[in-house]
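Add chain B to chain A, keeping to what the hints say.
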Amino acid sequence: MEKIFKEAIEKEALLATRRHFLSSLGTGIGALAMGSFLGSCGTQSAVKTSSLKIPPHFGKAKSVIFLHMAGAPSQLELFDYKPVLAKFDGKECPKELIEGKKFAFIRGIPNLLGPKANFAQYGQAGHWISDHMPHLSTQADKITFLKGMYTDQFNHAPAQLLMHTGSARLGRPSMGSWVSYGLGSENENLPSFMVLASGGKNPDAGKSAWGSGFLPSIYQGVQCRSAGEPVLFIQNPAGVNTDIRKASIDAINAVNQETFQEFGDPETVARMGQYEMAYKMQSSVPEVMDISKEPAYIHELYGTKPGEEAFANNCLLARKMVEQGVRFVQLFDWGWDSHGTSKSGSVDWGLHQKCLETDRAISGLLIDLEQRGLLEETLIVWGGEFGRTPMQENREGKTQDYFGRDHHTDAFTMWLAGGGIKPGFSFGETDELGYATVNGKTSIYDLQATILHCLGIEHESFTFPFQGRNFRLTDVFGKVIQPILA
Amino acid sequence: MILLDAGPSDWVLFFGHFHPVLVHLPIGMLLIAVIMYFFASKKSVPYVFFWAFISAVFSCLMGWALSQSGEYDENTLFFHQWLGVAVAVLSGALAYMTAYWSQDAAMARLIKPFLFVSVALITLTGHFGGNLTHGSDYLTAYLPQPIRGWVGMEPRAEQGGANEPAIRKIANIEAALIYQDLVQPVLKQKCWSCHNAEKQKGKLRMDSPAFLMTGGEDGAIIKAGFPEESEIIKRLLLPDSDEHHMPPKGKPGFSEEEISILHWWLKEGADFKKKVKDASADAKIKTILKRYSSGESSGPYLSPVFKMSISEADESDVKDLQKLGLLVNPSAKDQPFLEVNAVNAYGLGDKELEALVNIQDQIVSLKLGKTKISDASMKQLATMPLLIFLALDHTKVSDKGLTSLEGLRYLESLNLYGTQVSDAGLASLAKIKSLKHLYVWQSKVTDAGLATFKKARPGVQVDNGFKGKWPLEIDTIRVEEKMK
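Heads up: the sequence lines are chains A and B, in that order.
Going by the numbering used here, the first residue of the first sequence is number 57, and it counts up by one from there.
Going by the numbering used here, the first residue of the second sequence is number 6, and it counts up by one from there.
Looking at chain A on its own, in the form it has when it is part of the complex (with noise of 0.2 Å):
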């Protein structure tokens, strides 16, 4: 008892926090707590939790599936076809091309390394698209390509921030964080944002490329595991029911919501929400995380391994979650670092088991949408978060004993297709190596502007205030692609 007491006045005390104490001081600091008034340090008045908010415009897309291929997958292999450079294969790198460039591991002067796939001309779009990806080569008319894409960063972590919180330094909002805080969830009882990753390692940025940043706790990414438990922590402690778990939840929240009266911390109507979410997953995540009940054709269609951690079953979850109102999914693949310093890491053999593993996942997803109707209001977005180079990579000024790419952040390419997208179009083009974009450049700001774009959200008035200055996912850049919008 005693204990619990000593807790209660260490809690108490951890509240009073530099600005509860100045603001309780009153007007002797008044100026100081200007700050707080201008909504400038953060304080946003009661924070809703899942209600469902209103778009600045009609939104086609209601969902987003961000397919992120951790490592950043060779587009030379797979969807920028470059016979110019299978002409150059083992010759030296144009020194022009790479004078004043830094590299990840490349050093001095390396070769260019010809295309290590066969390419092949599909559906009525007539996209190029290598034999890695056969089943996704069927479903070619759904899918914009986009493949001017450039980044600035050339490290996986840094990248990958900045693809999905539009920063390639931690703190910012992930994309998926920043579009629950703008739209609300749809189901009342699921997350509006969650987050499955395969390949046996989380992306190298780690938790922040879907956490919430600055925005309110309860909109960062919940992150869900296709086997085992699929959320950890929410299930009810030995010897505790649903009945108590729920009484005590109300408990303390009737606590917090006390707490939340004296002291006005969003952070606590945050928690509060969090402690309901928790009580309601325990019984809708179990529901939507069991693929078991999915008949067999559909798995199938995906190619699951059931109880095992997949990126099919991953991408038949999406889809389940996507049809239960869950507004972004945040699926995370890693093992596309194709450096070729290993047989798993090579851009032919070690790319084409990470295709075998994903190519009939991504095609069945895309039909399994189209065939419930889904297609056309959820958003697919395919990528890693950078390219590779038209380079052999030369690791320490050796070759490597197996074909292999460095990271290169001049071109990539990544993928579109369903709500709000053009079907069957393709954007940008780069040089006959495939080195640099020609035209149709387009930066990761104006992906995530053209993402918001779809679901009814304009990049440039999307802000929080935020430290004195309004926030916004795409910084101060970023243009929609107008030319793919449907």
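Hints are computed from structural coordinates only; laboratory data are not their basis.
Owing to the predicted nature of the structure, the values given are computational and were not obtained by experimental measurement.
Keep in mind that a hint or two might mislead.
Covered, in the sense of this in silico footprint (three residues per stretch, anywhere, with C-beta under 8 Å from a C-beta of chain A), are these stretches of chain B [stated by the list, open to error]:
| id | stretch |
| --- | --- |
| 1 | 79–86 |
| 2 | 263–276 |
| 3 | 305–316 |
Just a few of them, taken from the derived set where beta-carbon distance is under 10 Å, the chain A residues facing chain B [said to hold, decoys possible]:
| id | residue |
| --- | --- |
| 4 | 146 |
| 5 | 273 |
| 6 | 415 |
| 7 | 419 |
Note that the Cβ used here is the ideal one computed from N, Cα and C, for glycine as well.
Then chain B, alone, in the frame of chain A:
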């Protein structure tokens, strides 16, 4: 030559730019002096007129400085300038009159007419000034409809006009004039507002072929046959952030297609009389032309429903529906259109659905998948005039109910996946002309029924589930062989 051509010095223009700020002083002072003269003590009126005079003189000087930029319509400028001078002189005169004539009854009678004249003059001067900066249609641009008709004005273009495509549909594209039908409408929509009779930014007018060919302060903007060397194209192609990009930041610019057409016209000799059929078009131009002739828009598609002006639903009605567990939300901020979603209310049945009657005129999207509704509700759905998206998957809806939906004029997407609907139902759906997407996977629809429907309505995308071979055989061995 260069010296002669050099424009006004920066100092002149610097002071000139204060004119629009300063002019409000004499206007205000003059009016308050008149009001004081009639309704308050006349004692201080001369002072006010005196200061109105001083500020008017300064305004005139700065106005003159601003006019040196040469960007304004000469006619309007002439009137504005001399009226302004008249106002200045008159306010000086009035300062004198109110100070020295007030005591003399005979002379004092003359003051009033002068006061009226001064008010009239300042109003006119201000009006012309406004026309110079904002354009002559600024004041009346938003005159509401019935009154527009009475005074013989054209109805106002729909909102967001500048983002609308300038060219809608050209029936006989071959006979169309490239400039007049394809180029000019876009210039008119996106450039004329700053390069016209009243305003000539960069000393450039674009509102007639002759002016276009004359060019602006830096000379010709068109080099016939050489689009890349034509200033007009160069300006359009500059990055948006460049201060010389046209139109300036914040104004809606040319789309890629519009630039391509302008480029084509310049390459074809910038001939104002040339017809489409007399010019050689490459594949890219041909697709654009095809689009123009079919009238489909290049930009993102949006249902015509969203351009309608309709009344808003009652907030209490919306609240009542939310109590049923339905999500009811506007499609977008400040718009009356509503989207209704039953994702949290699968228990909803025909009875509960009746509550939608109060917002039936506003609903554009209705997601009732997996709910307990049946054919009985279809009659009610038919009374929702603006319905665009309708999801009835996994409900008891059957062919019988679908006959009620024939009258939905804007329905674009209909989801009947997992229902009892069969070929007969498709036949009634074929009558919905606006339909674009139809989902009938796991229904009773047969391949033959689907074929008939597709023949009747080739434009509709019907999805009956994936039927192809799956998974595909993968030639892994070949990939292995190629390995290093």
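Results for each hint:
1. Proximity of the stretch 79–86 of chain B to chain A, defined as three or more residues with a beta carbon under 8 Å from a beta carbon of that chain, is not established by the 0 residues found.
2. Counting residues of the stretch 263–276 of chain B whose beta carbon lies closer than 8 Å to any beta carbon of chain A gives 0, which falls short of the minimum of three for the stated coverage.
3. Counting residues of the stretch 305–316 of chain B whose beta carbon lies closer than 8 Å to any beta carbon of chain A gives 4, which meets the minimum of three for the stated coverage.
4. Hint on residue 146 of chain A is violated. Least Cβ distance to chain B is approximately 12 Å, over the 10 Å limit.
5. Among the interface hints, the one on residue 273 of chain A is violated; its C-beta lies about 24 Å from the nearest C-beta in chain B, farther than the 10 Å criterion.
6. Taken as an interface hint, residue 415 of chain A checks out: its beta carbon lies about 9 Å from the nearest beta carbon of chain B, inside 10 Å.
7. A hinted interface residue such as residue 419 of chain A counts as satisfied when its beta carbon comes closer than 10 Å to some beta carbon of chain B; here the least separation is about 9 Å, so the hint holds.
Hint compliance for this structure: hints 1, 2, 4, 5 are broken, all remaining hints hold.
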